[in-house]
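If you're matching them up, the sequences are chains A, B and C in order. With this note's numbering as the guide, the letters of the first sequence map in order to residues 1 to 95. With this note's numbering as the guide, the letters of the second sequence map in order to residues 1 to 488. With this note's numbering as the guide, the letters of the third sequence map in order to residues 1 to 486.
Wrong hints could be hidden among the right ones.
Listed below are the simulated PhoX-like cross-link pairs for lysine-lysine, each with C-alpha atoms no more than 20 Å apart in a straight line [stated by the list, open to error]:
{"hint": "1", "chain 1": "A", "residue 1": "Lys36", "chain 2": "C", "residue 2": "Lys412"}
{"hint": "2", "chain 1": "C", "residue 1": "Lys300", "chain 2": "A", "residue 2": "Lys36"}
{"hint": "3", "chain 1": "A", "residue 1": "Lys22", "chain 2": "C", "residue 2": "Lys332"}
{"hint": "4", "chain 1": "A", "residue 1": "Lys50", "chain 2": "B", "residue 2": "Lys143"}
{"hint": "5", "chain 1": "A", "residue 1": "Lys50", "chain 2": "B", "residue 2": "Lys431"}
{"hint": "6", "chain 1": "A", "residue 1": "Lys36", "chain 2": "C", "residue 2": "Lys377"}
{"hint": "7", "chain 1": "B", "residue 1": "Lys143", "chain 2": "A", "residue 2": "Lys82"}
{"hint": "8", "chain 1": "C", "residue 1": "Lys383", "chain 2": "A", "residue 2": "Lys48"}
{"hint": "9", "chain 1": "A", "residue 1": "Lys83", "chain 2": "C", "residue 2": "Lys271"}
{"hint": "10", "chain 1": "B", "residue 1": "Lys110", "chain 2": "A", "residue 2": "Lys71"}
{"hint": "11", "chain 1": "A", "residue 1": "Lys75", "chain 2": "C", "residue 2": "Lys85"}
{"hint": "12", "chain 1": "A", "residue 1": "Lys75", "chain 2": "C", "residue 2": "Lys233"}
{"hint": "13", "chain 1": "C", "residue 1": "Lys275", "chain 2": "A", "residue 2": "Lys22"}
{"hint": "14", "chain 1": "B", "residue 1": "Lys143", "chain 2": "A", "residue 2": "Lys83"}
{"hint": "15", "chain 1": "A", "residue 1": "Lys83", "chain 2": "C", "residue 2": "Lys85"}
{"hint": "16", "chain 1": "C", "residue 1": "Lys383", "chain 2": "A", "residue 2": "Lys50"}
{"hint": "17", "chain 1": "C", "residue 1": "Lys407", "chain 2": "A", "residue 2": "Lys92"}
{"hint": "18", "chain 1": "A", "residue 1": "Lys13", "chain 2": "C", "residue 2": "Lys332"}
{"hint": "19", "chain 1": "A", "residue 1": "Lys71", "chain 2": "C", "residue 2": "Lys233"}
{"hint": "20", "chain 1": "C", "residue 1": "Lys412", "chain 2": "A", "residue 2": "Lys23"}
{"hint": "21", "chain 1": "A", "residue 1": "Lys92", "chain 2": "B", "residue 2": "Lys143"}
{"hint": "22", "chain 1": "B", "residue 1": "Lys402", "chain 2": "A", "residue 2": "Lys66"}
{"hint": "23", "chain 1": "A", "residue 1": "Lys82", "chain 2": "C", "residue 2": "Lys332"}
Note that these hints are calculated values from the structure, not bench results.
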Amino acid sequence: MSIDKDKIKHVSKLARISVDEKKIDGLTKDLTSIFKFIEQLNELNTEKVKPLSSILNEPLRSREDKIDDGKMRDKILENSPKKNEEFFVVPKVIE
Amino acid sequence: MSKENSNFLIDGEKGKWEVVIGLEVHAQVTSNSKLFSGSSTKFGAEPNTQVSLVDSAFPGMLPVINEYCVKQAVKTGLGLNAKINPYSVFDRKNYFYADLPQGYQISQFKHPIVGEGEITLDLPNGSKKVGIERLHLEQDAGKSIHDLDPSNTFVDLNRSGVALMEIVSKPDMRSPDEVNAYVKKLRSIMRYLGTCDGNMQEGSLRADVNVSVRKEGDKKLGTRCEIKNVNSIKFMQMAIIYEAQRQVELLESGKTIDQETRLFDTKKNETRSMRSKEDAHDYRYFPDPDLLPLSLDKELIEKIKKDLPELPDQKKERFIKDYSLSAYEANVLVSEKEISDYFEEVVKTSDIKLAKNWIMGDFFASLNEKNISISESPVTAKKMAQLIDSISSGTISGRTAKEVFEIMKETGEEPNKIIESKGLQQKSDPKELEGIIDNVISENKDKVEQYKSGKDKLFGFFVGQVMKVSGGKANPQLVNDILKKKLK
Amino acid sequence: MSDITKKSLTEIIRLIKKKEIKSVEVTTSFIDNIKNDKKLNSFITNCNEQALEKAKSFDKNPKLDQLLPGVPIAVKDLFCTNGTKTTAGSKMLENFIPNYESTITNNLWNEGAFLLGKLNCDEYAMGSSNETSYFGNVMNPIAENTVPGGSSGGSASALAAELTPTTIGTDTGGSIRQPASFTGIVGLKPTYGLCSRWGIVAFASSLDQAGPMTKTVEDCALMLEAMAGFDKKDSTSINKKKENYSKNLTDNIKGLKIGIPKEYRVDGMPKEIDKLWESGKSLLKDAGAEIIDISLPNTKYALPTYYIVAPAEASSNLARYDGVKYGFRSSKGNNLIEMYENTRSEGFGDEVKRRILIGTYVLSSGYYDAYYIKAQKVRQLIKNDFDQSFKKVDAILTPSTPSAAFKIGEKKDDPISMYLNDIFTVPVNLAGIPAISIPAGFDQNKYPLGLQLIGNTLEEQKLLNIAFAAEKKINFKQDLNKWWEK
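Bound conformation, chain A alone (with noise of 0.2 Å):
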């Protein structure tokens, strides 16, 4: 697959990572080596594989319906970056 700069654009987009122009085409070149390594699995037919997964071999484990956790506001809001005593602050979405 052929990496190129509109796709790392859309790509850091979803991940909410703005990247720097002059860094793009270095990320590009790096990229493209990295995924040309990765492709290598093309090699393999895996048709009739099943995907891993779990790596265990165990069912899920559950919990009893308690409350057990939370009334710990304090805690939680102790290290938001913007100090406030009841809410996380955050900017404005525009909608």
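Dock chains B and C against the given chain A, drawing on the hints supplied.
What follows is chains B and C alone, placed relative to chain A:
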């Protein structure tokens, strides 16, 4: 019972158009704690007080699934006559938003917990089956509050991580009325099962509505638009009508419909396109590596099936049979489990006909008047039964009972006590009544002559006189019988 | 007592239990060495004062019936430690102080140990040379300007330089075993699910595992015993009874079968690596084991598979670093989207961004089947290869790394050549099985080289025993001239 028995059509300039509707309902699961964390799910708590480290996605936090939420989803699936999938997978739905702390929502994409099913709608002109495509479990997001500050959005994560069941219907609905019946039925089933309280004002039930149109008689589906997050049935209906018109106008003027996501503006009563959601379509679903596939035992599913309470449709059939109710009456009395429980308790001891009339009439009116629920009404089933028994036994007349009920609904007093203290008992002693009647007859000899010579209408006069003398307490049935005999 | 810091963990504990030394003495000795960390740059945060306090209070009332009584331990800065900065080697978490403790570190503290400091690592555990940390490169104590390996480079360096008696790291594609090989120490990646991931900054959820990094195999067994255990807060934690790895450690491996996978002999492999491998075979034979040739046919596809699965999971795991709840938030940006984009561009380093982009790509619409699903299929094949082999053998012997430590900056410009460092270690993570690297020899520059032993699921005891036997025969000795103290 026909699939296409609705005749709701849009009159376009160039012909009639059919509206095709599918619903994706998001129902909050009734549970104590969240789907993947132990925080409380109670509505109305102070902001961010029901949030754990897991809910707010701190580094190193991991999900552990709530077994009760799984059971609730299975119960609901069974209530929808749907296939329960013994193997299902939780996938991450990746996108960015302020009220989505993980940057992904844990949901189910390729392998949902419940497969195809169907429910029956109760419509005024019959019933109709609507198909269910699937039901899956997923996390709810938090709340973004935009209007507390001009340049900032405030985020409350109390709701983040609460379990939701997403129920996807097949595009089988054809009118706003059918949508109304569908949501009502779905809600009723979940309330019966106790899996969702269906409280739309509190946001326990919301829907995305998919609308497309096609020329009457056409079999192919048109391009659909999705109207997101409509939280009342009325708005759903308004949105559908507006959207269908909008699409018809576009198509008739030669344009095409863009498949897009829209919002319903409740103030302007119109749908409009949502901006900046283009990237949101690439959710990059993949199985959540912090969880393993969910396996449900056959035994577990069987046990849940066995323990299911009687559902509205079954109850309706039983009511019609056991209580000789009409389909309409049965519908009303099973529409809420509370109502059907109340009715059944009353008719355990008391007359069915009186019970259904009093409950559907005066009792419901009293609830509406005070805007309260059955459980909030002072007229308990026991007291209602007592009132009805006092009518059946002849202790009071139907008219008197209405007086007694007026007092009961305000004070919650027992009817027998009210009757006692106000001396409202009917006069039912034949000897006493005979005495009164004899007096009335002897004081109105001329009228008796007129009656005997053909003026039948005068019977009412005599009844009236007896009532006057007895202060309205004479047993009307007995008065009738005795008068008839004496006036022969 | 002199030379406390030279002693093994086991020896230090023995002396503490016999009351021949106090925890304060031990702690002070290591703190003295930490004073000279500047050139190595293995520490991001040091907790000298708090550690000394803890040592003093231990000595006042020593509880000797524990696995790690009075032992100060510095840990990789990927483990969330309550009240102590946890950075994951990133600007994004530069000032993040968790108010919770990871299960693994909590397990250590419950056995009598306490925190000595937080060790440098590649940013978000992504790297093989500790050259991607926001807090600067770490140097390998074996020689100036050499890399210690990564991502647990700080851990390996601090341990080899005697700045901590033992340490723990995390291993997603080789991040414990490769730096262990480069610095001449022992490093173990346990079976996936044996050690809890709760409270560890996540990189790739289906691959990450915490593990011990120690001077000796005996120390390693002891550390694993303290670390391992079921954690109900982690849905991928295995519910099994705890084992006494250190009590049951033995060098009697008579009759055990050791597999030699032919596919690990790669083209252009340096002669000295080959020689080392051969010597490993013969010493295990000497110890009573049987050497058997095996085949792991899909080995060469492990690295490409890893570089699809790991970035994919990472791209999703790192989405939570958005400047909203904690960590760095950019001051630029007028609305939410701009805030996200600036925060994540400024907060993450280049390697992390590169991997997030790769991961986002391989999960995106149109590419998911061709890349992600394909990789999961190949992953199944790789696992099958191991499952088949373990029907015939008890463990597998391979080199740990394709070379010894290289110079700082040597491989920075070529991502693929950097990724190739993990060629022998990565298949193990994909299969979820345990593996240990023990120092086995030197290259022509006298840089250490490691041998890797791979075991079957949950067979850590057997694996440790074989490593123990090999270690005895190898008798590895490393005398570092402490250039960083000058």
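Outcome of the hint check:
Proposed proximity of A:Lys36 and C:Lys412 is supported: the alpha carbons are some 19 Å apart, at most 20 Å. Taking the CA atoms of C:Lys300 and A:Lys36, the gap is near 15 Å; set against the 20 Å cutoff, the hint holds. At most 20 Å may separate the alpha-carbon atoms for a hinted pair to count; A:Lys22 and C:Lys332 meet this at roughly 19 Å. Taking the CA atoms of A:Lys50 and B:Lys143, the gap is near 40 Å; set against the 20 Å cutoff, the hint is violated.
Simply put, A:Lys50 and B:Lys431 have alpha-carbon atoms about 93 Å apart, too far for the 20 Å limit, and the pair is violated. As the CA atoms of A:Lys36 and C:Lys377 are separated by approximately 19 Å, the hinted pair is consistent with the 20 Å bound. Our distance criterion of 20 Å between C-alpha atoms is met by B:Lys143 and A:Lys82, whose separation comes to about 18 Å. Our distance criterion of 20 Å between C-alpha atoms is met by C:Lys383 and A:Lys48, whose separation comes to about 16 Å.
Only pairs whose Cα atoms come within 20 Å are accepted, and A:Lys83 paired with C:Lys271 is rejected, the gap being roughly 59 Å. For a cut-off of 20 Å, the pair hint linking B:Lys110 to A:Lys71 is broken: about 35 Å separates their Cα positions. A distance of roughly 15 Å separates the Cα atoms of A:Lys75 and C:Lys85; the hinted pair therefore holds under the 20 Å criterion. A distance of roughly 19 Å separates the Cα atoms of A:Lys75 and C:Lys233; the hinted pair therefore holds under the 20 Å criterion.
The suggested pairing of C:Lys275 with A:Lys22 is violated, with an alpha-carbon distance near 46 Å, which exceeds 20 Å. With a CA separation close to 18 Å, the supplied pair B:Lys143 and A:Lys83 stays within the 20 Å bound. At roughly 19 Å between alpha-carbon atoms, A:Lys83 and C:Lys85 fall within 20 Å of each other, so this suggested pair holds. For the suggested pair C:Lys383 and A:Lys50, the alpha carbons sit about 12 Å apart, so the restraint of at most 20 Å is met.
The hinted pair formed by C:Lys407 and A:Lys92 fails the criterion: a straight-line CA distance of about 47 Å is larger than 20 Å. A hinted pair counts as satisfied when its Cα atoms are at most 20 Å apart, and A:Lys13 with C:Lys332 qualifies at roughly 17 Å. Our distance criterion of 20 Å between C-alpha atoms is met by A:Lys71 and C:Lys233, whose separation comes to about 18 Å. For the hint linking C:Lys412 to A:Lys23, the alpha-carbon distance of about 16 Å falls within 20 Å, and the restraint holds.
Distance check on the hinted pair: A:Lys92 and B:Lys143 sit about 13 Å apart at the alpha-carbon level, within 20 Å; holds. Taken as a hint, the B:Lys402 and A:Lys66 pair is broken in the structure, with Cα atoms around 48 Å apart against an allowance of 20 Å. Taken as a hint, the A:Lys82 and C:Lys332 pair is honoured in the structure, with Cα atoms around 14 Å apart against an allowance of 20 Å.
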